[in-house]
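Residue numbers (our numbering), protein chains in the order written: chain X, 1 to 266; chain V, 267 to 736.
What the hints contain is simulated information worked out from the structure, not anything from laboratory work.
Positions of the beta carbon are idealized from the N, C-alpha and C atoms, including for glycine.
Hints should not be assumed to be uniformly reliable.
Keeping only pairs whose Cα atoms sit at most 30 Å apart, straight-line, the calculated DSSO-like set for lysine-lysine is [what the hints assert, rightly or not]:
| hint | chain 1 | residue 1 | chain 2 | residue 2 |
| --- | --- | --- | --- | --- |
| 1 | V | Lys-680 | X | Lys-134 |
| 2 | X | Lys-83 | X | Lys-134 |
| 3 | V | Lys-523 | V | Lys-641 |
| 4 | V | Lys-713 | X | Lys-137 |
| 5 | X | Lys-137 | X | Lys-113 |
| 6 | X | Lys-156 | V | Lys-713 |
| 7 | X | Lys-113 | V | Lys-713 |
| 8 | V | Lys-680 | X | Lys-156 |
| 9 | V | Lys-680 | X | Lys-131 |
Far from chain V by the CB rule (all over 12 Å, computed), these chain X residues [to be verified]:
| hint | residue |
| --- | --- |
| 10 | His-56 |
| 11 | Arg-112 |
| 12 | Arg-211 |
Pulled from the structure, derived: some chain V residues nowhere near chain X, Cβ distances all over 10 Å [stated by the list, open to error]:
| hint | residue |
| --- | --- |
| 13 | Asn-301 |
| 14 | Leu-323 |
| 15 | Asp-440 |
| 16 | Pro-460 |
| 17 | Asp-491 |
| 18 | His-497 |
| 19 | Ile-663 |
| 20 | Glu-664 |
| 21 | Gln-668 |
| 22 | Met-690 |
| 23 | Arg-692 |
| 24 | Gly-693 |
| 25 | Ser-695 |
| 26 | Gln-698 |
Letter by letter, the chains look like this.
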Amino acid sequence: MNKTSDFEIRNLHAGIESREILKGLNLRLNKGEVHALMGPNGSGKSTLAKAIFGHHEYQITKGEVLFKGENIVELEPDERAHKGLFLAFQYPLEVPGVTVQNFLRTAYNANRKARGEPEMEVIAFNNYLVKCLKRMKMGLEFAERYLNEGFSGGEKKRNEILQMVVLQPEIAVLDETDSGLDIDALKIVSDGVNSLRGPNFGALVITHYQRILNYIKPDFVHVMVDGRIVKSGGPELALQLEEQGYEKIRKQYASEAAAEPAGAAA
Amino acid sequence: MEKTPQLSINEQYKEKYGFHVAEENYTFKSEKGLNRNIVEQMSEYKKEPRWMRDFRLKALDIFYKKPMPHWGGDLSGIDFENIHYYLRPTDKQGKSWDEVPDKIKETFDRLGIPEAERKFLAGVSAQFESEVIYHSVQEGLTKKGVIFTDTDTALREHSDLVKEYFGTIIPPGDNKFAALNSAVWSGGSFIYVPKGVEVEIPLQAYFRINAENMGQFERTLIICDEGSRVHYIEGCTAPVYSSDSLHSAVVEIIVKKGARCRYTTIQNWSNNVYNLVTKRTAAYADATMEWIDCNIGSKLTMKYPAVYMLEPGAKGEILSVAFAGDGQHQDAGGKVVHCAPHTTSRITSKSISKGTGRATYRGLLKVYEGCHGAKSNVECDALLINESSRTDTYPYIEVDEQDVSIGHEARVSKVNDEQIFYLMSRGLSEDQALMMVVSGFIEPFTKELPMEYAVEMNRLIELEMEGSVG
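Isolated chain V (complex conformation) (with noise of 0.2 Å):
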């Protein structure tokens, strides 16, 4: 009766790979690759709905046909065919401490994060241990109509909700990555906020306990319903480390009439990760969304956080900072798009190239005709560490009407020897002299920072900067 594993799905199979812990030989993870079979696997094996099977297989599909993207940063070391796409929790969690790299481990030290956190962090746990806060909050949200939760659960336990919206915002066919992550996509957040509530304190992705935070192909959808308001921080300043080399999530939101939205992300990946993410809003009526992302580390990152703005007094802002450290390249920007009149977008980006780091600002600002009285600020400033250091900017602007307010300004520094010979001669080592010109450079994104993340960032920052001094 049995057949290949991987071809056949039956109840031996599910009861082998699903429920238990994984026999020796045939875990679900030990095959490497990408077919239909796999990801009708994997959707069996999460028990999913038939429309999100057939959702998945529709994309599976068009990843197929779409090219790879020619522009943005060298996408040849990427083998498809070399990576898990799927790997159960369980094989996640029976990571030992012990297979986490030395140097993760240390900068966890050095960054004075607790050990129950570190282990998270690294993926090696996904008990999370302060399962008291995480209680507390979650009733605190329960009570008021909120759903937070992981997209799988989602998906089991708001079917209709998640139907309703997911990939509406970003259709598998937006672009390559897209449509690979809506044929693969596992875990990921899923907020729902009801009419009028406003959530005081920030959801962090770390609340959510045995759940998969931090999957490679993680799928986020927030709906802000009128009138209400959340702030979502995903990540943290420790370095994300994975052994697997493609990051690519999708994140789609819905901020409908007077609501606000802010998304916080602060990434650091380690240096042999792709980290190709598509994000993107669905802002109406006088409604905020705020993107603020930070990264750090990765190999190469692609990511334009995007607003349209569908209605008017629609309200889009990104706030951009890359960090580029050595050998590493950050091409990340914003997109704004106004289709409405009356509506206001403001891209402010912020890079950091040291070393042989390069940072690329691309970025959109579109208005199409008919949106009178829109406005749109864009600033892009890059400063350069080392004379190798390297920055390019794309701004494409596309304006089909007369009647908008239009700003765009780009600037380019390198840290300047006469402010670092100011600094020095108050006592500021060196060191201390080029941190202090750093993290007035990126004010404007820790400022708007919770406390203890921007306390973190700083301290972030301060060890990517070590070593730049000659």
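Just chain X, with the same shape it has in the complex (with noise of 0.2 Å):
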């Protein structure tokens, strides 16, 4: 058997309730490595971001999704994140009477915690805090604003990636993190991912346009069509994809689909 990466998904089956969305998604990532993966609407790239994360309408019927060696499908999403493991969101939920600073104290203490660390004081961690903002050209008021509520869509997807720079995660996925951001927020966005990057960090940045690719350089590149990678490639691939569109490789891949008997991924 191959040496396992980091992390790991192999032959990923997972849907809703009866309706396959996933169907043998194969990807290996290791810390120190961006990889970005796009896909055309539809292709199952927000499944694949919420299967990783154990949210409960996806079922996973079959493979395995591995982190330092270990199989995770079947732990809560706390334990993931516990585990190192991060998620930024494509539609951020508003939490209304919970400041930014409590709630990203109270997760980073859960964190510790789990991990048999001690937890952070309150104004130790208010100075990490004041830290992490500046890092994200966020005025230090946005601590004390409600999660997300009333936040503009990139003060949302800039409240994301604060809160994985706090957060600390050694892989992180990155859901349409771009989508909704003018120029100058997916710069801020983009050197907050940056700023994490390095040996101990990996990230999946899912997306659908090249545009946040030009700011994050990806080292892998990956293209996924209805539920599976068909390609993968170097930074090159995204901009041959952003010039010949989805369509092309949308129909390569259900010629090769065809000729193959259905579910037979290796």
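Given two chains presented individually in distinct reference frames, assemble the corresponding complex, making use of the accompanying hints.
Okay, structure coming up:
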């Protein structure tokens, strides 16, 4: 058997109720790497993100998600976070009455506790949060605002990356973080992601467009069609897609799929 | 010479039941049920002035005549004949710590309440150990001319003041339970704040010692003279253990010109209690009244703090929070009545229903003709935790004036699974995530509380929320 990567998805089948959306997806990602996952609408990109994090509406019927060699598909979402996974949501939720600061301190300490580390005191945490806010070019008043309530689309996305910067995951999945961002916000968000890049951080950037990849340079690019990754390559693949659109690759994939017996994913 | 003790009041009776430790048989407590004699005896025992005795008896007649309310919650479980209407303080003090149910003790433990306070809260001891605090508070108040005592003492020591206002805001005829309270009241707080005096620290019921703080039929009267300011806090977050099943208080408040009063309640009743309380304020010119009312526990609570804005510029604000746990019914809300032009009011109601709990918002907004420029805003938010939880809203709005600004909003929300998933994806457990959503929901309430109460409040909700996750 091959040596496992830090994060590996093996033959993942998942869907909602009886509808299968992921049809044998394979992906390997190591810390220190940034992967881009591109694909047309409806190809299952967001389903993948939610399935990785154990959203209860998505059932995994087959396959494994290995993180540091351990299959995590049976774990609760919080347990996955404790292990060092992070998901930046495409549509972050509003939680009225809960300040960003209170929420992040609770989350930060929940993770530390689960890892057997001492919790951080309020003042120490606030100092830490201030640093993170500055890194994200966010005003200090942000910490006092209620989580995502009344935030603009761009603020919500920036807040997702702030959370990532605070929680310092080992592997992060960014689900269309670029959608709805103007160019300035896109730069700030990208800077936030880039600031975490290094040997202890890996990311899967799910996106529809090549644009964000100008700022977050991927090491690998994967193309997803109909619940599977049909093509992988280097950064040039993203540019190629941008030029040609998804149609060509979709057609190519469709003819390949027709030639193969269904579900015979290797 | 001695006749049936219940029927005749004589020297011997008083000696026997009033001023000495009770003899085994004939304690006042031994008699259950309600009749004229009990009311007379009670009044006699307390050496009340004649007018109070007459007031009680009149109220008793009204109580008999008034039908039970046919709205609100299910009151059929109340047996008026099976209640001790008056317990002497010594009887209460006599209860031992061993008699307090384990569940209550356990909750005290988990809330981290000091031993002395626990006993006090459980009704075990009337001696609050922080006498020092009590005395220094009292001294400071006395210097300013503020009176803060229990209502029985006030009736003895400030009879004229009590007589002038007692029963003027909530007359016995107001409703059956107000009549009952008027007939058999005991304890409660009396506060008088003189003209222009501001009381900086919140006055808390447990500063009062040697008094029946949490009687079944407590009667509170607060008078804020012109330009004065006071904040009163009753209750605490520990469950009030009562072996008696009916709590029916009356709270009357007068806020005179330019004065400001805030009344904060946090009560957590054990789940056998019917909590039926009438609270009302008369607010005069440019006066402000704020009711901050939090109800947790009980079998049924019916409580609608009210503000009558009687002169121009008066303001009323009601913030009501109710938490209906499994099998509980919280029927709560508020009433604002505009009787003068340019009066302003706001009702904010937040309710949480968990398990088979039911939270009802019931409120009245009334604007009389001629109250031009009146403004009012009513907002009710209900949060349902489980599929079996229930909420209802009964907003009564009666506006007889054209030139007004009225807003009303009602929202019901369920705990959103996506929110929980979002929070959990950051490392919060499901319990923590749910708690965070709930504490955020009542944040408009907790942020109005003094720090230590807010902290306790959150811990309490945490305890209540336990086991909500399937």
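Hints, one by one, checked against the model:
Distance check on the hinted pair: V:Lys-680 and X:Lys-134 sit about 36 Å apart at the alpha-carbon level, beyond 30 Å; violated. Pair hint X:Lys-83 plus X:Lys-134 holds up; C-alpha atoms about 26 Å apart against a cutoff of 30 Å. For the hint pairing V:Lys-523 with V:Lys-641, the CA-to-CA distance comes to about 19 Å; that is within 30 Å, so the pair holds. Restraint check for V:Lys-713 and X:Lys-137: satisfied, since their Cα atoms lie roughly 29 Å apart, inside the 30 Å limit.
Note on X:Lys-137 and X:Lys-113: the hinted pairing holds, with a Cα-Cα distance of about 29 Å set against a maximum of 30 Å. The hinted pair formed by X:Lys-156 and V:Lys-713 meets the criterion: a straight-line CA distance of about 25 Å does not exceed 30 Å. Between X:Lys-113 and V:Lys-713 the CA atoms are separated by roughly 28 Å; this keeps the pair inside 30 Å, and the hint holds. With a C-alpha separation of about 23 Å, the suggested pairing of V:Lys-680 with X:Lys-156 holds against the 30 Å cut-off.
For the suggested pair V:Lys-680 and X:Lys-131, the alpha carbons sit about 36 Å apart, so the restraint of at most 30 Å is broken. For X:His-56, the non-interface assignment is contradicted: its Cβ lies about 7 Å from the closest Cβ of chain V, within the 12 Å cut-off. At the 12 Å boundary, the C-beta of X:Arg-112 falls inside the reach of chain V, the nearest C-beta of that chain being 9 Å off. Every CB of chain V is more than 12 Å from the CB of X:Arg-211 (nearest about 26 Å), matching its label as outside the interface.
Here V:Asn-301 stays apart from chain X, with its beta-carbon at least about 50 Å from theirs, past the 10 Å limit. In this structure V:Leu-323 is separated from chain X by more than 10 Å, as the shortest Cβ-Cβ distance comes to about 50 Å. The Cβ of V:Asp-440 lies farther than 10 Å from every Cβ of chain X, with a closest approach of about 36 Å, so its non-interface assignment holds. Here V:Pro-460 stays apart from chain X, with its beta-carbon at least about 39 Å from theirs, past the 10 Å limit.
With a cut of 10 Å on Cβ distances, V:Asp-491 stays outside the contact zone with chain X, its closest approach being about 37 Å. Residue placement check: V:His-497 keeps its beta carbon more than 10 Å from all beta carbons of chain X (closest about 23 Å). For V:Ile-663, the requirement that its beta carbon stay farther than 10 Å from each beta carbon of chain X is met, with the minimum near 25 Å. For V:Glu-664, the shortest C-beta to C-beta distance to chain X comes to about 31 Å, beyond the 10 Å cut-off, and the non-interface label holds.
With a cut of 10 Å on Cβ distances, V:Gln-668 stays outside the contact zone with chain X, its closest approach being about 34 Å. Under the 10 Å C-beta cut-off, the non-interface status given to V:Met-690 relative to chain X is violated; the minimum distance is some 4 Å. The beta carbon of V:Arg-692 sits about 4 Å from the closest Cβ of chain X, which is not more than 10 Å, so the claim that it is off the interface is violated. In this structure V:Gly-693 is not separated from chain X by more than 10 Å, as the shortest Cβ-Cβ distance comes to only about 4 Å.
With a closest Cβ-Cβ approach of about 5 Å to chain X, V:Ser-695 is found to fall inside the 10 Å limit, against its non-interface label. Interface exclusion of V:Gln-698 from chain X breaks down, the closest Cβ pair being 6 Å apart, not more than 10 Å.
Going through the hint list in order, the structure does not satisfy hints 1, 9, 10, 11, 22, 23, 24, 25 and 26.
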